[in-house]
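Colleague: Line by line, the protein sequences give chains A and B.
All letters in the first sequence, in the order written, are residues 374 to 492 by my numbering.
All letters in the second sequence, in the order written, are residues 37 to 143 by my numbering.
You may find that some hints are simply not true.
Calculated cross-link-like contacts (lysine-lysine; reagent style BS3-like; alpha-carbon spacing at most 27 angstroms) [unchecked claim]:
no., chain 1, residue 1, chain 2, residue 2
1, A, K416, B, K139
2, B, K143, A, K416
3, B, K75, B, K139
4, B, K81, B, K139
5, A, K429, A, K449
6, B, K81, A, K416
7, B, K139, A, K438
8, A, K416, B, K78
9, A, K449, B, K78
10, B, K143, B, K81
11, A, K449, B, K81
Covered stretches of chain A (chain B as the covering partner; in silico rule of three or more C-beta atoms under 8 angstroms from a C-beta of chain B) [claimed, not checked]:
no., segment
12, 428–437
13, 483–491
Hint data in this document are derived by calculation from the structure and do not stem from the laboratory.
C-beta: ideal position from N, C-alpha, C; glycine also.
Residues per chain, in single letters:
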Amino acid sequence: QVQLVESGGGLVEPGGSLRLSCAASGFTFSDYYMTWIRQAPGKGLEWISYISSTGKTIYYADSLKGRLTISRDNAKNSLYLQMNSLRAEDTAVYYCAGERTMFNGMDYWGQGTLVSVSS
Amino acid sequence: DIQMTQSPSSVSASVGDRITITCRASQGISSWLAWYQQKPGKAPKRLIFVASSLQSGVPSRFSGSRSGTDFTLTITSLQPEDFATYYCQQANSFPLTFGGGTKVEIK
Chain A
374 QVQLVESGGG
384 LVEPGGSLRL
394 SCAASGFTFS
404 DYYMTWIRQA
414 PGKGLEWISY
424 ISSTGKTIYY
434 ADSLKGRLTI
444 SRDNAKNSLY
454 LQMNSLRAED
464 TAVYYCAGER
474 TMFNGMDYWG
484 QGTLVSVSS
Chain B
37 DIQMTQSPSS
47 VSASVGDRIT
57 ITCRASQGIS
67 SWLAWYQQKP
77 GKAPKRLIFV
87 ASSLQSGVPS
97 RFSGSRSGTD
107 FTLTITSLQP
117 EDFATYYCQQ
127 ANSFPLTFGG
137 GTKVEIK
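Isolated chain A (complex conformation) (with noise of 0.2 angstroms):
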């Protein structure tokens, strides 16, 4: 079955940096767009970046732009995302989606990775 599974989040201190990664099976990757989008505790949900199916088109938040890397490998069925120079508004849970349409909205999401920034 389709399957997102995020890793490598956890507790980091201000200024510090994490790579997350996503791993996906179950469909052709390839095929899809990705888009990585993160919740604050509480919060509602906030599109951080952005990266088309063959990596050559790629989009961040204004907000983030910068701090952030997305990148994927198609062979290895992965997504992933620099994080750097962390802040505390930064602590959320971070999910990977795919999207194989253009404009239709995220049809896969995994079940996210918390990432808290604090000394």
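Please build the complex by placing chain B on the supplied structure of chain A, with the hints as guidance.
Modeller: Structure of chain B alone, referenced to chain A:
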């Protein structure tokens, strides 16, 4: 950026009730809107895409509609498993944006 204004932020309803949730886009997004349901501690699940297309496996009591830049999610005959938070999301352009969410609670 396109702002999505979702209302109400919460609604109390009983099993069997009909409820309506609205999202208004700050500019035209054609029909590129999706609706999601999220239960506590779980990932969101898509219910509706392209404003009114029902996701496979989603019960027919869920429906979506569009009128200009106003979008509506309707749940007819609310069931116990429908108590959750609902979000709209515009898929027209980057940055993708979500509505603030509507929490559907048991009256």
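Colleague: Against this structure, judge whether each hint is valid.
Modeller: Tested hints:
no.	hint	result
1	K416(A) <-> K139(B)	holds, 12 angstroms
2	K143(B) <-> K416(A)	holds, 22 angstroms
3	K75(B) <-> K139(B)	holds, 10 angstroms
4	K81(B) <-> K139(B)	holds, 15 angstroms
5	K429(A) <-> K449(A)	holds, 17 angstroms
6	K81(B) <-> K416(A)	holds, 17 angstroms
7	K139(B) <-> K438(A)	violated, 31 angstroms
8	K416(A) <-> K78(B)	holds, 14 angstroms
9	K449(A) <-> K78(B)	holds, 26 angstroms
10	K143(B) <-> K81(B)	holds, 24 angstroms
11	K449(A) <-> K81(B)	holds, 25 angstroms
12	428–437	holds (count 3)
13	483–491	holds (count 3)
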